[in-house]
Structures are given as structure tokens and as C-alpha cells.
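J.: Starting from the known structure of chain A, fit chain B onto it as the hints suggest.
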Amino acid sequence: MATIVIVVAGSLMFGGLVLALAFAVQETERQRKAQASARETEVSQQVAATLQAATPGAVPSFFAPPMAARSPGMIVFNDALASRLEHDIREEQAIVTQFVHHPSLSTLYQYPAAPNQLH
Amino acid sequence: MHDEIRAAELFDGLNADGVQRLAAIARMQSLRTGECLFLLGDSAQSVSVVTSGLLDLCLPVSFGGVTKDITVESAGPGKTVGWSALVTPYCFTLSAKAARPSEVIAFARPELLQVFAASPEVERVVLRRVSELIGNRLTTFQALWARELQRRLERSAESAG
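Here the protein sequences line up with chains A and B, keeping their order.
Going left to right, the first sequence walks through residues 290 to 408 as the working numbering numbers them.
Going left to right, the second sequence walks through residues 166 to 326 as the working numbering numbers them.
The following block holds chain A by itself, in its conformation from the complex (with noise of 0.2 Å):
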């Protein structure tokens, strides 16, 4: 009888300890959750407010002047230019791997079949 209730008690106490373990888990995944998409939210800001903040000029630019100097409000920044972005630096990159690996003037600037079309 007190082999049962032994049993019977410990039982109890694991499947409780088990619980809290998987309450606790389940806390800290969502308190992960949060403080990453806080974090995530904290970058966007922080690069949105420092490009508004810069004069013009400020930022050394590489590249043609910004589409919204020469035709204000004609582009709109979506998923589909954001994609069209992304396939023509994947396609830069294929062709620059190749400078990446045999060094020369000729595999520096070549060109893609049609030329990139960015602006």
C-alpha cells in the first residue's frame, strides 16, 4: 500500500515537473519571439531614420543619383522592384564570381546577355 502511494505521489511529481518545464519553454520561445521581431522592427527604423536624417550629398554615392531626385514620385519601392533588384545582384554576382576566382580586365567587365536596366 505505501509502494502504491509512493509510486502514485512520485508519478504525480514528475508529470508536474514535466509541465512547468514545458511552460517554461514554451515562455522563454515566445519572449525570444518577441524580443527578435522587436529587434527586426528597432533596424528598419534605424536605417529609414538615418538615410531621412542625411543631407544631400552626405552619403558618398557609388551608384546613379537616386530615382526619386530625377523622377519624383514615378517608382514605388514594392516586392516586385525589390525582387528585380535582387535578381540583378544575383546576376552581377554570377559573373563577378568569375573575376573572384580567375583575376583579369576581361572577366571584370563583362556584360550579361542584356544590360542591366536599374535606373
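Simulated from the structure, these hints should not be mistaken for laboratory data.
From a predicted model like this one, the values you see are computed outputs, not experimental measurements.
A hint or two may mislead.
To be verified - Distance windows between CB atoms, simulated:
#: 1; chain 1: B; residue 1: 199; chain 2: A; residue 2: 290; range: 55 to 65 Å
#: 2; chain 1: A; residue 1: 314; chain 2: B; residue 2: 313; range: 47 to 57 Å
#: 3; chain 1: A; residue 1: 334; chain 2: B; residue 2: 198; range: 39 to 49 Å
Unchecked claim - The list that follows gives simulated cross-link-like pairs (lysine-lysine, DSBU-like), each with its CA atoms no further than 35 Å apart:
#: 4; chain 1: A; residue 1: 322; chain 2: B; residue 2: 233
#: 5; chain 1: B; residue 1: 244; chain 2: A; residue 2: 322
#: 6; chain 1: B; residue 1: 244; chain 2: B; residue 2: 233
Unchecked claim - Here are a few chain A residues that face chain B, going by a calculated C-beta distance under 10 Å:
#: 7; residue: 366
#: 8; residue: 370
#: 9; residue: 389
#: 10; residue: 398
We treat Cβ as the ideally placed atom computed from N, Cα and C, and that holds for glycine.
T.: Positioned in the frame of chain A, the structure of chain B alone reads:
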């Protein structure tokens, strides 16, 4: 874990003892699609190796009041992400996000340094691979920059002509 470490570019050429030492400090991490491993600007405390899936390395780009993460590089199985954890100022210069469900094994810098202290061979292999990664990244972006300068000159010439 041993197989994943042997397949990693960061540990290419490591002997069995080195693999064993690294396996002892490796921490597996799973990422859901869209989940970030680290963000640009975060303190870099761990270097990771992708074991499955795909991670996108991104830079935030802002235009017209809209900021988006643009993928500049992708890392699949065997590839290294977060090598900034081994190079001062130990700060991530890109964000890493899972393009699909992925798994990585992470190596915390303090533990990695202890392995290096115990095994100079592991240190030699790893730091040589890190220098190759950095060299490739530098050359890639140097070439991208040179090509963009070339295009800018050509556009200026077209505008003037």
C-alpha cells in the same frame, strides 16, 4: 553532427580530433522560414554553419520612405554565416534570415577560442578558411563596385554626348 562538421567549408581539412573537439561545443539551431539568425549591427558572438535549408544574407535598402531587406548573398548547406564573430569588432555587417526551414550549427566564440588554445591545428584550419571567406567577399564587392563605376562613367558619357 560529425558529418555536418566535416562537410562544412569552414572546417575543410580538419582531422578527426579537431572534428571531435568542435562537435563537443556545437549547438544545433532550427529556423522557420523568415526567422532571423542575426541582424545587421548585432553583437557577433557565434559563427554558424548551415546544415540544411537556405539562409539569405540581407542588407536593408530604403527608398521613398520604404525599407526592405535585399538579399545580397545566400548560404546553403556547408556554407558559413556569421564569421564576424571571429573578426573584430565582432559586429554583424549583414542580417541573416531563413529563406526556407533551415538548420545551422553554431559555435560560440568563447568556446571556440578554448578549442583553439587546446588545438593549434584547429585554429590554423579555421582561421585560414575565415581569411579565404573574407578575401572572397572583399574581391566580390570590389569587383561589383568597379563595374558600377564603369557603368556610371558610361552613362555620364552618354548623357554628355
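J.: Of all the hints given earlier, name the ones this structure violates by number, lowest first.
T.: Number 3 only.
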